[in-house]
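Single-letter residue listing:
There are 2 protein chains.
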Amino acid sequence: MSDPAPKLWIKIRLAGGEIGPGKITLLKRVAEHHSIAAAARSMGMSYRRAWLLLDEINKICGESLVETFSGGHARGGARLTPLGEKVVVLFDRASDQAEAGAAEAMAALRQLLSSKGG
Amino acid sequence: MSDPAPKLWIKIRLAGGEIGPGKITLLKRVAEHHSIAAAARSMGMSYRRAWLLLDEINKICGESLVETFSGGHARGGARLTPLGEKVVVLFDRASDQAEAGAAEAMAALRQLLSSKGG
Chain S
1 MSDPAPKLWI KIRLAGGEIG PGKITLLKRV AEHHSIAAAA RSMGMSYRRA
51 WLLLDEINKI CGESLVETFS GGHARGGARL TPLGEKVVVL FDRASDQAEA
101 GAAEAMAALR QLLSSKGG
Chain H
1001 MSDPAPKLWI KIRLAGGEIG PGKITLLKRV AEHHSIAAAA RSMGMSYRRA
1051 WLLLDEINKI CGESLVETFS GGHARGGARL TPLGEKVVVL FDRASDQAEA
1101 GAAEAMAALR QLLSSKGG
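Quick note, the sequences are listed as chains S and H, same order. For the first sequence, counting from 1, position 6 maps to 6 in the working numbering; every step adds exactly one. Count along the second sequence from 1, then add 1000; that gives the number in the working numbering.
Think of the hints as simulated: they come from the structure by calculation, not from any bench. Since the structure is predicted, the reported quantities are computational estimates derived from the model, not experimental observations. Beta carbons are placed, not taken as given, at the ideal position from N, Cα and C, and that holds for glycine. Do not rely on the hints blindly, as some may be mistaken.
Unchecked claim - Covered stretches of chain H (chain S as the covering partner; in silico rule of three or more C-beta atoms under 8 Å from a C-beta of chain S): (1) 1006-1019; (2) 1058-1065; (3) 1082-1091; (4) 1108-1116.
Please construct the entire structure, taking both the sequences and the accompanying hints into account.
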């Protein structure tokens, strides 16, 4: 079937800009890979683009969500700050809560469009 | 205060593309102004851009959400189809429901970032 159900996703607008699934995924990949370069690669993104996005996220939140560290098995790398970890958790929670809350309207929209090829 | 509360907004992904607040606002403006040109102007958008967006929305939904008509007081114009009116209503409802559903996580995010200048 080429007719997947309508899918809801959220963005959160803060004073300094917006945070959406793309930026949150980048943060998760940094946490996973301990490296901005590897996180960028895993998303098919240039290092420069990833760095600029992370700089933007830090500015939006008023404090760093990613920090670099030196030493360890891989001569250092990058990781989320405690604030970064909390923002990722709260974004995911907001996303889940929004999807659950909007279930009724989304079901109605799915029914409305299901016969139209949307 | 330069620290407005975090604001959640939604997009809905369908098989053929995404519908978000921008496209929905354009539909509302067409309904209000009975004119694609006037709707575009009211959003600071070129006629061409508005036309392309409406064409995209129609394709996404598999059926026209806007139709032109001739005659009447202004030598014709544009209006929403019944499907267009329903999509606008359901998008707004999904948006309201999502915001209500995510209230807890958004409050936690607000509290987390309130001291950071976010």
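Hint check results:
1. 1006-1019: holds (count 11)
2. 1058-1065: holds (count 4)
3. 1082-1091: Our answer is that it holds, as 5 residues pass the Cβ test (under 8 Å) against chain S, meeting three.
4. 1108-1116: holds (count 5)
Violated hints are absent here; each numbered hint is respected by the structure.
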